[in-house]
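Chains as they are written, first to last, in the numbering used here: chain A, 1 to 226; chain B, 1 to 115; chain C, 1 to 168.
Everything labelled a hint here was simulated from the structure, so no lab data went into it.
Note that the Cβ used here is the ideal one computed from N, Cα and C, for glycine as well.
Treat the hints with caution; some may be incorrect.
What the hints assert, rightly or not - On the chain C side, residues computed to face chain A include the following (Cβ under 10 Å):
#, residue
1, Lys87
2, Arg99
3, Gly143
Claimed, not checked - Pairwise CB distance ranges (calculated):
#, chain 1, residue 1, chain 2, residue 2, range
4, A, Thr133, B, Glu36, 48 to 58 Å
5, B, Arg60, C, Pro137, 41 to 51 Å
6, B, Glu36, C, Gly21, 21 to 31 Å
7, C, Pro137, B, Ala33, 49 to 59 Å
8, C, Gly86, B, Glu89, 34 to 44 Å
9, A, Ala125, C, Phe79, 23 to 33 Å
10, C, Pro137, B, Leu53, 45 to 55 Å
11, A, Gly69, B, Glu7, 46 to 56 Å
12, A, Ala48, B, Ala110, 45 to 55 Å
Stated by the list, open to error - Using 16 Å as the maximum straight-line C-alpha spacing, the simulated EDC-like pairs for lysine to aspartate or glutamate come out as follows:
#, chain 1, residue 1, chain 2, residue 2
13, C, Lys120, C, Glu26
14, A, Lys68, C, Glu146
15, A, Lys68, C, Glu140
16, A, Lys68, C, Glu11
17, C, Lys25, C, Asp107
18, A, Lys71, A, Asp130
19, A, Lys9, C, Asp10
20, A, Lys68, C, Asp97
21, C, Lys120, B, Glu89
22, B, Lys2, C, Glu26
23, B, Lys90, B, Glu70
24, B, Lys3, C, Asp28
25, A, Lys9, C, Glu11
26, A, Lys71, C, Glu147
27, C, Lys30, C, Asp52
28, C, Lys68, C, Asp107
29, C, Lys30, C, Glu108
30, A, Lys90, A, Glu126
31, B, Lys107, B, Glu7
32, B, Lys3, C, Glu26
33, B, Lys2, C, Glu108
34, C, Lys120, B, Glu113
35, A, Lys90, A, Glu122
36, C, Lys120, B, Asp80
37, B, Lys2, C, Asp28
38, B, Lys72, B, Glu89
39, A, Lys90, A, Asp130
40, C, Lys30, C, Asp107
Chain by chain, the residues run as shown.
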Amino acid sequence: MPTIDYANKEISCKIVYYGPGLCGKTTNLQLIHRDVPGINKTNLVSLATEKDRTLFFDFLPVTLGEIKGFKIRFQLYTVPGQVYYNATRKLVLSGVDGIVYVVDSQRSKLQENLDMMQNLRENLAEYRMDLATIPMVLQYNKRDLPGIVPVEELQRAMNPRGLPWFEAVAVQGIGVKETLKAIATLTLSRIGKRTQAAPRDGAAAGPSNATDTGQPKRSIFRKTNP
Amino acid sequence: MKKVLQELGEVEGIVGSLIVDADGIPIVECLDADSELVAATCVQIVNSVRDALAKLEEDRLVQALIEPAEGKIFLREIPDVGTLVAVSEKNVNVGLIRLALSSASEKIRAYREAL
Amino acid sequence: MGGGGVVIYDEQLTRINSLIGHLLKESDAKCALLVGKDGRTIARQGFTRTIDTDQLGALVAGAFSASKAVAELIGEPEFSTLFHQGKHESIQIHLLDPRTLLVVTFDERTTVGMVRLVTKAVSGSLREILQAVYDNPDVEEIGTPEEIASTFDGVFGDSEPKGGSKQP
Chain A
1 MPTIDYANKE
11 ISCKIVYYGP
21 GLCGKTTNLQ
31 LIHRDVPGIN
41 KTNLVSLATE
51 KDRTLFFDFL
61 PVTLGEIKGF
71 KIRFQLYTVP
81 GQVYYNATRK
91 LVLSGVDGIV
101 YVVDSQRSKL
111 QENLDMMQNL
121 RENLAEYRMD
131 LATIPMVLQY
141 NKRDLPGIVP
151 VEELQRAMNP
161 RGLPWFEAVA
171 VQGIGVKETL
181 KAIATLTLSR
191 IGKRTQAAPR
201 DGAAAGPSNA
211 TDTGQPKRSI
221 FRKTNP
Chain B
1 MKKVLQELGE
11 VEGIVGSLIV
21 DADGIPIVEC
31 LDADSELVAA
41 TCVQIVNSVR
51 DALAKLEEDR
61 LVQALIEPAE
71 GKIFLREIPD
81 VGTLVAVSEK
91 NVNVGLIRLA
101 LSSASEKIRA
111 YREAL
Chain C
1 MGGGGVVIYD
11 EQLTRINSLI
21 GHLLKESDAK
31 CALLVGKDGR
41 TIARQGFTRT
51 IDTDQLGALV
61 AGAFSASKAV
71 AELIGEPEFS
81 TLFHQGKHES
91 IQIHLLDPRT
101 LLVVTFDERT
111 TVGMVRLVTK
121 AVSGSLREIL
131 QAVYDNPDVE
141 EIGTPEEIAS
151 TFDGVFGDSE
161 PKGGSKQP
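Work the whole structure out from these sequences, hints included.
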C-alpha cells in the first residue's frame, strides 16, 4: 500500500518499471525527467555500467499534483533487465505499489518478454504479492521499429488480464506520459481496497499477519489521531 | 562525556583518557595518542581479563590496572557504555585516580541512562 | 495490497522527529533519516536542506539490501549495522526493525562510537513508535479513478491517451 503521511500531507507510491533488457525502462524515466511538465524536478539517479546498461536501478522521485490537500509523490524505479541481475530486480520490488511492464515489441524479443513476465510473477510471489492483483499497466514499446509484433498478438501473449496498455516509442516520448498517468491513477485508486495479504517485512520470510488489525478504517481526511 | 574526560585530565598525573565501546571503537577521547590503537588494545585486554574471571567463577570486572615501566593504564568498566581508559604517569596517587575514575564512570553512566 | 506502505499520523511523526532530533543533538551528528527497506523516507531531521533525502533513502535501502546478499554469503542472515567512512563525511545505516533503517550522517565533530552509543539508546523508543505506525489501520479510498485521473490532467497536459492505446 502507498505510504500516507498525515503530518506532511503526503501520499507516496513506489512504481517499478519492469521488463527485459534494453526494452526501454530507463528511457521512460529519462523522458519523464525531461518532458513531464510541472513535476518537481530532482536528479535522475542512474547506477549504470560503462555501456549504459542499468546495473542496480534508476530512481526518479516526482511530485504529481495534489489530491484533496495531499501531495502525491511517486518514486519511480527501473530494474536491470539482464537475466543474471535477478537478485537486484527482486530487491527493487520490495514494497512496490504499481508496475509498468515495458514490452519490447520486436518479434525477436517476444520470448524474452514472456520470460521476464514469468520472472516478475516469481519475484512478486517471494514478497507474497500476486501478479494477478497488483496494479499494473503494459507499455508496448518500440512501435516505430520494423519487424514488430502486431498489438493484437501482443495482447494475447502478454495481457490475459486485460490490463490498461499503451503503444509507445519511448525514445521519442510517445506514450511515456500516458503510461505514467495510467499507473499513477490505478495505484492511487487502490488505496483502501485491500486485495491480498501484505507482508510485514520487505523480505520473504515471516508469517503473514500484517493485514487486518481489527481496527476500523479511518478516513484519510479526518484529522483525529488514534 | 567529553567534559567528564576533560575534568579527569585535571587530576594530577593523568595524561589522557578515552571511552571505548565493547567492539573497541572509541566513543569519546581526550588523549594525545593513536586513540584507535589504544581503544582496540584495551578492549582486547578487558575481554581477556573478563574471560579469565569467568573461568575463576568470579564476579564481573570493575577495574583493572596495568603497569608498564613508564606509566600506568587504568581500565574502568561502565555498564551499557564500554570501558573508560585512563593513562597516567608512573608515580601517581593510585587511590586518588581510582576515586576520580569511579566518579567519572558514574557521571557517564548517568548520562547514558538519561539518553 | 502490496508491500511496505505505511500510514503515519501527525503525533507519531512528531514523536519520531523528536527522538531522532535528540539523537542528532546528543551525538553531534548531522542528519538522520528513517527509511523503509523499500527505499521510502519516513522521517528526516537535521541538515537535510543540501541533501536529496529521497535519493539518499532509495540508495541507502538499495545498499542495505545488497549487503544482505553479502551477509548471506558469509553465513549471516543480514547485517544489523553498515558503516561507510569517508574522508570527512560518514554514514551509519542501522536496521531498527525488520522493515526500517535508521540512517545517520556525521562528520569529524563526532565519532562512530558516539553515534552507535546514542543510536542504541534511542532505538528501543523508535521501535515502539514504529510498531504502532505499522499497526495503524488502513485508510479509505481517496477518490474514484476518474477523480484521480482528472487531478493529473493539469500535470500531464492532455488527458486522453493517443491512438490505439485505450484499454480494450
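Against the structure, the hints:
Residue-level restraint check for Lys87 of chain C is violated (minimum Cβ-Cβ distance to chain A is 22 Å; threshold 10 Å). A cut of 10 Å between beta carbons decides the hint on Arg99 of chain C: the least distance to chain A is about 6 Å, and the hint holds. With a cut of 10 Å, the hint placing Gly143 of chain C at the interface with chain A holds, because the nearest CB-to-CB distance is about 6 Å. Distance hint check: the CB atoms of Thr133 of chain A and Glu36 of chain B are about 53 Å apart, consistent with the given range 48 to 58 Å.
A hinted range of 41 to 51 Å for the beta carbons of Arg60 of chain B and Pro137 of chain C is consistent with their spacing of about 47 Å. With their beta carbons about 29 Å apart, Glu36 of chain B and Gly21 of chain C fall inside the hinted range of 21 to 31 Å. For the pair Pro137 of chain C and Ala33 of chain B, the supplied restraint of 49 to 59 Å holds, since their beta-carbon distance comes to about 57 Å. For the pair Gly86 of chain C and Glu89 of chain B, the beta carbons lie near 37 Å from each other, so the given range of 34 to 44 Å is met.
In this structure, Ala125 of chain A and Phe79 of chain C meet the distance hint of 23 to 33 Å, their C-beta atoms being roughly 26 Å apart. A hinted range of 45 to 55 Å for the beta carbons of Pro137 of chain C and Leu53 of chain B is consistent with their spacing of about 52 Å. For the hinted restraint 46 to 56 Å between Gly69 of chain A and Glu7 of chain B, the CB-CB distance of approximately 54 Å keeps it satisfied. About 52 Å separates the C-beta atoms of Ala48 of chain A and Ala110 of chain B, a value consistent with the hinted range of 45 to 55 Å.
Among the hinted pairs, Lys120 of chain C with Glu26 of chain C is consistent with the structure: their alpha-carbon atoms are about 12 Å apart, no more than 16 Å. Distance restraint check for Lys68 of chain A and Glu146 of chain C: the Cα-Cα separation of roughly 14 Å lies within the 16 Å cut-off, and the hinted pair is therefore satisfied. A hinted pair counts as satisfied when its Cα atoms are at most 16 Å apart, and Lys68 of chain A with Glu140 of chain C qualifies at roughly 13 Å. At most 16 Å may separate the alpha-carbon atoms for a hinted pair to count; Lys68 of chain A and Glu11 of chain C exceed this at roughly 21 Å.
Our distance criterion of 16 Å between C-alpha atoms is met by Lys25 of chain C and Asp107 of chain C, whose separation comes to about 14 Å. Straight-line distance between C-alpha atoms of Lys71 of chain A and Asp130 of chain A comes to about 28 Å, which puts the hinted pair past the 16 Å bound. For the suggested pair Lys9 of chain A and Asp10 of chain C, the alpha carbons sit about 9 Å apart, so the restraint of at most 16 Å is met. The straight-line distance between the Cα atoms of Lys68 of chain A and Asp97 of chain C is roughly 32 Å, outside the 16 Å bound, and the hint therefore fails.
The straight-line distance between the Cα atoms of Lys120 of chain C and Glu89 of chain B is roughly 35 Å, outside the 16 Å bound, and the hint therefore fails. A distance of roughly 12 Å separates the Cα atoms of Lys2 of chain B and Glu26 of chain C; the hinted pair therefore holds under the 16 Å criterion. Taking the CA atoms of Lys90 of chain B and Glu70 of chain B, the gap is near 6 Å; set against the 16 Å cutoff, the hint holds. The straight-line distance between the Cα atoms of Lys3 of chain B and Asp28 of chain C is roughly 14 Å, inside the 16 Å bound, and the hint therefore holds.
Restraint check for Lys9 of chain A and Glu11 of chain C: the C-alpha separation of about 13 Å stays at or below 16 Å, so the hint holds. With a C-alpha separation of about 15 Å, the suggested pairing of Lys71 of chain A with Glu147 of chain C holds against the 16 Å cut-off. The hinted pair formed by Lys30 of chain C and Asp52 of chain C meets the criterion: a straight-line CA distance of about 14 Å does not exceed 16 Å. Proximity of Lys68 of chain C to Asp107 of chain C is assessed by CA-CA distance (about 26 Å); at most 16 Å being required, the pair is judged violated.
A hinted pair counts as satisfied when its Cα atoms are at most 16 Å apart, and Lys30 of chain C with Glu108 of chain C qualifies at roughly 10 Å. Pair hint Lys90 of chain A plus Glu126 of chain A holds up; C-alpha atoms about 8 Å apart against a cutoff of 16 Å. Note on Lys107 of chain B and Glu7 of chain B: the hinted pairing holds, with a Cα-Cα distance of about 11 Å set against a maximum of 16 Å. A threshold of 16 Å between alpha carbons decides the hint, and for Lys3 of chain B with Glu26 of chain C the separation of about 13 Å falls inside it, so the pair holds.
Between Lys2 of chain B and Glu108 of chain C the CA atoms are separated by roughly 14 Å; this keeps the pair inside 16 Å, and the hint holds. Between Lys120 of chain C and Glu113 of chain B the alpha-carbon distance is near 12 Å, which keeps this suggested pair within the 16 Å criterion. Taken as a hint, the Lys90 of chain A and Glu122 of chain A pair is honoured in the structure, with Cα atoms around 9 Å apart against an allowance of 16 Å. Between the alpha carbons of Lys120 of chain C and Asp80 of chain B the distance comes to roughly 10 Å, so the proposed pair stays at or under 16 Å and holds.
Distance hint between Lys2 of chain B and Asp28 of chain C is fulfilled; the C-alpha atoms sit about 12 Å from each other, no more than 16 Å. A distance of roughly 6 Å separates the Cα atoms of Lys72 of chain B and Glu89 of chain B; the hinted pair therefore holds under the 16 Å criterion. Of the supplied pair hints, the one linking Lys90 of chain A and Asp130 of chain A holds, its CA atoms being roughly 14 Å apart against a limit of 16 Å. Only pairs whose Cα atoms come within 16 Å are accepted, and Lys30 of chain C paired with Asp107 of chain C is accepted, the gap being roughly 7 Å.
Of the hints listed earlier, those the structure fails to meet are numbers 1, 16, 18, 20, 21 and 28, in rising order.
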